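Participant: Sequence:
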Amino acid sequence: MRTLRRTFMIHSIGAAALAITGRSVRAAPAQLQESDPAAQALGYKADAAHVDRTKYPRFSNNQRCANCQFYQGKPTDANALCALFGARQVSGTGWCNAYQARA
Numbered sequence: 001m002r003t004l005r006r007t008f009m010i011h012s013i014g015a016a017a018l019a020i021t022g023r024s025v026r027a028a029p030a031q032l033q034e035s036d037p038a039a040q041a042l043g044y045k046a047d048a049a050h051v052d053r054t055k056y057p058r059f060s061n062n063q064r065c066a067n068c069q070f071y072q073g074k075p076t077d078a079n080a081l082c083a084l085f086g087a088r089q090v091s092g093t094g095w096c097n098a099y100q101a102r103a
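All residue numbers for the sequence shown refer to this note's numbering, where the first residue is 1 and numbers rise by one.
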């Protein structure tokens, strides 16, 4: 009888650990593509060096997603979520027409 109890406890602990780690592993959010309709509406470019200055005259060289108030990562992160694009990541070196400098 003692062997069955021990086996049950070992399996229960293993199942609980698996359930806990299974919940904490999530897929990374999708990367925003320039072809996405929301990205096109705001003129998003994954690399700010490719922004058309004639189309977006308010763009300046120091503007990047990484130093925008909508960027939800650290300024040093290569990619992070953007408040404007929901559950999609933007490039830290990117830019869009909704850029607002961090305070």
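No lab work stands behind these hints, which were simulated from the structure alone. Quick caveat, the model's predicted, so the values are computed rather than measured. Among the clues, some could well be false.
[Claimed, not checked] Quick list of simulated restraints, FRET-style, between CB atoms:
#1 N97 with Q31: 17 to 23 Å
#2 Q40 with Q69: 20 to 26 Å
#3 L4 with A28: 41 to 47 Å
#4 N62 with A27: 29 to 35 Å
#5 L4 with A30: 44 to 50 Å
#6 P29 with N67: 57 to 63 Å
#7 A83 with N61: 19 to 25 Å
#8 A38 with R5: 55 to 61 Å
Backbone N, C-alpha and C fix where the C-beta goes; we use that ideal spot for every residue, glycine too.
Participant: With reference to the structure, classify each hint as holding or not holding.
Facilitator: The hints, checked one at a time:
| no. | hint | in the structure |
| --- | --- | --- |
| 1 | N97 with Q31: 17 to 23 Å | holds (19 Å) |
| 2 | Q40 with Q69: 20 to 26 Å | holds (22 Å) |
| 3 | L4 with A28: 41 to 47 Å | holds (42 Å) |
| 4 | N62 with A27: 29 to 35 Å | holds (33 Å) |
| 5 | L4 with A30: 44 to 50 Å | holds (47 Å) |
| 6 | P29 with N67: 57 to 63 Å | violated (20 Å) |
| 7 | A83 with N61: 19 to 25 Å | holds (23 Å) |
| 8 | A38 with R5: 55 to 61 Å | holds (57 Å) |
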